[in-house]
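S.K.: If you're matching them up, the sequences are chains A and B in order. Going by the working numbering, 87 is the number at position 87 of the first sequence; the sequence numbering is gapless. Going by the working numbering, 88 is the number at position 88 of the second sequence; the sequence numbering is gapless.
I should point out that these hints are in silico values taken from the structure, not numbers from a laboratory.
So, partial list: chain B residues that the calculated Cβ filter (under 10 Å) puts toward chain A:
| id | residue |
| --- | --- |
| 1 | Glu59 |
| 2 | Asn61 |
| 3 | His64 |
| 4 | Ala65 |
| 5 | Gly66 |
| 6 | Met67 |
| 7 | Pro69 |
| 8 | Thr89 |
| 9 | Met90 |
| 10 | Gly91 |
| 11 | Gly92 |
| 12 | Leu97 |
| 13 | Arg111 |
| 14 | Arg118 |
| 15 | Ser119 |
No residue lacks a Cβ here, since even glycine has one placed at the ideal position from N, Cα and C.
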Amino acid sequence: MDSAPSQFDPQYLPRDLLKVRWLGRFLRWRWSRTALQIPLFVLSMVMIANAIWGPQLAPKNLGVLLTWVHFRGLIVLVLLLCGNLFCMACPFMLPRDLARRWLVPLFEWPKALRNKWPAIFLFVAVLFVYELWDLWSNPRWTGLLIVAYFLAAFGVDALFKQASFCKFVCPVGQFNFLGSTLSPLTVAIRDADICDHCATKDCIRGTRANAEMELQQALPILQRGCELALFQPRKVGNLDCTFCLDCVYACPHENVGILTRVPVVELIHPGTRSGIGTLARRTDFSALAVLFTFGALLNAFAMISPVYALEQWLAGALGLRVEWPILALLFIALLVVEPILLVGAAAYATRRLVPSTESTRTIAGRFARSLVPFGLGVWLAHYGFHFFTGFLTVIPVAQNTVVQIWGRALLGSPQWQLGGLPEVVVYPMEIGFLLLGVIGSLIISWAIAAELAPRAIWKVITPWAALYAVLFASAVWIMSQPMDMRGTFLGN
Amino acid sequence: MTIFYTAGCSSSAPEAKLPPLQVDVTFNSTPPVIGDNEIHIALRNADGTPVDPTEVRVEGNMNHAGMKPSFAETARVSTGQFTGKLDFTMGGDWFLLIDVIMPDGSMSQYRVDVPGVRSH
Numbered sequence: 001m002d003s004a005p006s007q008f009d010p011q012y013l014p015r016d017l018l019k020v021r022w023l024g025r026f027l028r029w030r031w032s033r034t035a036l037q038i039p040l041f042v043l044s045m046v047m048i049a050n051a052i053w054g055p056q057l058a059p060k061n062l063g064v065l066l067t068w069v070h071f072r073g074l075i076v077l078v079l080l081l082c083g084n085l086f087c088m089a090c091p092f093m094l095p096r097d098l099a100r101r102w103l104v105p106l107f108e109w110p111k112a113l114r115n116k117w118p119a120i121f122l123f124v125a126v127l128f129v130y131e132l133w134d135l136w137s138n139p140r141w142t143g144l145l146i147v148a149y150f151l152a153a154f155g156v157d158a159l160f161k162q163a164s165f166c167k168f169v170c171p172v173g174q175f176n177f178l179g180s181t182l183s184p185l186t187v188a189i190r191d192a193d194i195c196d197h198c199a200t201k202d203c204i205r206g207t208r209a210n211a212e213m214e215l216q217q218a219l220p221i222l223q224r225g226c227e228l229a230l231f232q233p234r235k236v237g238n239l240d241c242t243f244c245l246d247c248v249y250a251c252p253h254e255n256v257g258i259l260t261r262v263p264v265v266e267l268i269h270p271g272t273r274s275g276i277g278t279l280a281r282r283t284d285f286s287a288l289a290v291l292f293t294f295g296a297l298l299n300a301f302a303m304i305s306p307v308y309a310l311e312q313w314l315a316g317a318l319g320l321r322v323e324w325p326i327l328a329l330l331f332i333a334l335l336v337v338e339p340i341l342l343v344g345a346a347a348y349a350t351r352r353l354v355p356s357t358e359s360t361r362t363i364a365g366r367f368a369r370s371l372v373p374f375g376l377g378v379w380l381a382h383y384g385f386h387f388f389t390g391f392l393t394v395i396p397v398a399q400n401t402v403v404q405i406w407g408r409a410l411l412g413s414p415q416w417q418l419g420g421l422p423e424v425v426v427y428p429m430e431i432g433f434l435l436l437g438v439i440g441s442l443i444i445s446w447a448i449a450a451e452l453a454p455r456a457i458w459k460v461i462t463p464w465a466a467l468y469a470v471l472f473a474s475a476v477w478i479m480s481q482p483m484d485m486r487g488t489f490l491g492n
Numbered sequence: 001m002t003i004f005y006t007a008g009c010s011s012s013a014p015e016a017k018l019p020p021l022q023v024d025v026t027f028n029s030t031p032p033v034i035g036d037n038e039i040h041i042a043l044r045n046a047d048g049t050p051v052d053p054t055e056v057r058v059e060g061n062m063n064h065a066g067m068k069p070s071f072a073e074t075a076r077v078s079t080g081q082f083t084g085k086l087d088f089t090m091g092g093d094w095f096l097l098i099d100v101i102m103p104d105g106s107m108s109q110y111r112v113d114v115p116g117v118r119s120h
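Chain A on its own, in the form it takes in the complex:
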């Protein structure tokens, strides 16, 4: 198969969002990110206040509703339709950006942790506590989680240089990075020739007060460069990109834009990527892709009846009456054992079908990134279900919140009849998202297969097609079960 289509292929003419009339002007304004962050920060404060001090009934709590229904639903939809706009407008970075006007972080992020393992650990931790403490029905804990997130972001970036929190810690950020590999927009250079002749490399080094090279290190930075170590000419796709646009503002040649592109193709790229290296050789990225996908299935599975039957059976078999060890067993089974078995089997079969000198583990590492499209499909189906069936409930909940606070219906009487789309309409959308994900995963698998064994693509891809068929069937089964939200361990 030919190498990934270049954005500078004459047949491929990307649109540049920065050249769109009003939108481009706004985004080229170096305070545009702050302008987006401020309203989200204010909204976050409202959510925290309402979650902690508002009605402790989840369906009547604005903090819970906006967190678990609207935020989650919009994140996946915006990733699919645009790009990593949530990281662009991230309110958790606003206090840190303000503080860095006075606070100078002193430390480099520890070398041993310059990988995705801290974020993977936190991702699993968030999924775990979500199930253990039923965060979807617990306003106070939801509010405290948001507060903890602000404190963690501030604390990490107060101590450590660059965007250490975003690159190495933030679980939501890692989710967005993976999801944005399927986005139609990317921050990229417009003309490679211009970068080839650039001496200052401001996009990554930042712009200092004096252009003379010998004084560079001593002078204050006027505009920072990429804090996630993505050197624009060598950057491939959206992984690790927060759409902060620092590179846009720093580039003295105005050679960085927000360009349209073919989604998912970046996952095909076999070579090195700035700030990341070679994906197939990054075990942490492979683990993240696995977690992203199997975590999606686990998170959806935990909302249907069979999981309660399974928990009851496990509790009976093991004589346990507390939830956390049962949940831990489920997590180990579905996030560790199941992927090892399924992905391992596909990789082993590939190794046998196409005699390869590569180990099963290496082959699994090659193909791990092909999981990402299907993973996003599951997240879209699940979060999309909650969002589309309940997006209008924000109106009566907001109206009710105003009544609770001010004692008067300043926004009108709560319109509790408002909900969202009926399930009969949303269900086909869920299946559509799953199909989209499977198709994306098969495309990536095909490209990887062609790279591994150009003369035996069908042999190589067959085990992976079988894997995606199994995952697709399980996801369809999950989405077809009636939702069964239980707040009590072991059901009744």
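Following the hints, complete the assembly by docking chain B onto the known chain A.
M.R.: Chain B only, in chain A's frame:
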């Protein structure tokens, strides 16, 4: 018939003046199922004597945000006994908010948990 019993727990609404009531809720199926269920509500004072409110309103909610609540208007069957239809739109844990309005206009709200609503 399964009885879901709660001691009267009034809301913090300023107009709440009622002493705590015993609120017994039963459904025509055990446990309740997705769809319309007949709901029967029996209201008694702490000493067991029936209470005779003007109106009893029922709001059903799931404990997950983003779900549209279900409402039931009830009809008085006899002193302290009300009946109506409530639509459980999904399986899982629900809770009911029962508004009891007395002839003098005082109103209290009581919460009754209805866990484990099943699909058929």
